[in-house]
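Peer 1: Below are the chains, spelled out letter by letter.
Number of protein chains: 2
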Amino acid sequence: MVQQQRAVRTRQALIRSAAEAFERHGYVLAKLADISARAGVSVGALHFHFENKAAVASSVETAAALRLRRAAWNAQRPGMNAVQRLTATSYALADQLRRDVVSRAGLKLSGEPAREGSLDLRQEWQAFVEKVVAEASDENLLVERVEQRDMADLIVAATTGFELLSRRDPDGLSPSLLTNFWRFMLPRVPQT
Amino acid sequence: MVQQQRAVRTRQALIRSAAEAFERHGYVLAKLADISARAGVSVGALHFHFENKAAVASSVETAAALRLRRAAWNAQRPGMNAVQRLTATSYALADQLRRDVVSRAGLKLSGEPAREGSLDLRQEWQAFVEKVVAEASDENLLVERVEQRDMADLIVAATTGFELLSRRDPDGLSPSLLTNFWRFMLPRVPQT
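Line by line, the protein sequences give chains A and B. Numbering of the first sequence is given in our numbering, commencing with residue 1 and proceeding in unit increments. Numbering of the second sequence is given in our numbering, commencing with residue 1 and proceeding in unit increments.
By construction, these hints were calculated from the structure, which means they are not laboratory data. A hint or two may mislead.
A pair holds if it fits inside one copy or across any two, identical chains being indistinguishable in the list.
[Unchecked claim] Mimicking SDA-like on lysine to any residue, the simulated pairs with C-alpha atoms at most 25 Å apart in a straight line are:
| no. | residue 1 | residue 2 |
| --- | --- | --- |
| 1 | K131 | R168 |
| 2 | K53 | M185 |
| 3 | K31 | S137 |
| 4 | K131 | E51 |
| 5 | K31 | F48 |
| 6 | K31 | R70 |
| 7 | K31 | V129 |
| 8 | K53 | E130 |
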């Protein structure tokens, strides 16, 4: 039992250490020896948990997906309208990315061309935005001349840009930047 | 003389072939043997022009910078106000990126963490946007409650997002997407 707990802790440490390596060096250049050393274990111990670098990356991505989906889920409150769900989710995801290197590295890995069969977390965000904008339209929250598709495209592009730019400027995902963004967008919907 | 012209043509072919390889595989995974083969020359001929992969990438980036700056320059017309300069430049850059693989690859290479001493074309775009938004303010083209800094940040984030998303969807830099974007932004300035 103690041994099993230690295995779980080692695995968690390896996922975190891998996330740090992927964030700093990118998937292609990250080294398994470096990942295991920073987790305080041998390369052999790493291979007990993961077959190869692709398997490590896949675990980082899966962990990131779980955490980002949980953050999005926790942001939903009863009685919110679609616009409130959208803005609250954006703050929750930005906060999760700001605080957690595994979430950041997993999102960066997602859709990385050098990897195969990855999840597509950006596609998931795009689908969510499109759904909520459509719901906002059903709930008569959008002013009439706004095209749903245009609004969803712009939200996805701008938030993708925020995330990309935050890789070199940690303020790129600050709540105030998001607030300014929603202040620009929200005149397009009746103020809530 | 003929020999010199041939050398120039070979160099151009290598830069284009390198841009295709960098776009498809990324800087780290692109192979010099592949780049020379696609340009129809030997690896030895490539090394006559470029010392190593870093030198090839640097030439692609420099060529992209020249072409993007020229496209931006050509978009300026006498009598344009600051807002018109901003939108016209955005269309010209999107068109240049859509049509030219060297421009796309150079922009993607710019600021790539695995390279040292690269130009920073994104920083150049950000500086341009900040300057033109400040000019728009001086020319009294902005409505009063818009913060210059917020507007510049949003424009940079959204256009960065468009460029990133266009890597998997070629429509990501279409004029209609940009038009929709400016339609969202421009109510913030008196219609021109």
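Peer 1: Does each hint fit the structure? Answer for all of them.
Peer 2: Each hint, compared with the structure:
1. Taking CA atoms no more than 25 Å apart as the test, K131 paired with R168 passes between copies only; the shortest distance there is 21 Å, against 31 Å inside one copy.
2. For a Cα distance limit of 25 Å, the shortest separation of K53 from M185 qualifies neither inside one copy, at 41 Å, nor across copies, at 44 Å.
3. Proximity of K31 and S137 under a CA criterion of 25 Å is satisfied in neither setting, with 48 Å inside one chain copy and 49 Å between copies.
4. For a Cα distance limit of 25 Å, the shortest separation of K131 from E51 qualifies neither inside one copy, at 38 Å, nor across copies, at 51 Å.
5. For a Cα distance limit of 25 Å, the shortest separation of K31 from F48 inside one copy, 16 Å, qualifies, whereas the shortest one across copies, 33 Å, does not.
6. Taking the closest pair of Cα atoms, K31 and R70 never come within 25 Å of each other, the shortest separation being 30 Å inside a single copy and 41 Å across copies.
7. Taking the shortest alpha-carbon separations for K31 and V129, neither the intra-copy value of 36 Å nor the inter-copy value of 39 Å comes in at or below 25 Å.
8. For the homomeric pair K53 and E130, neither the shortest alpha-carbon distance inside one copy (34 Å) nor that between copies (41 Å) is at most 25 Å.
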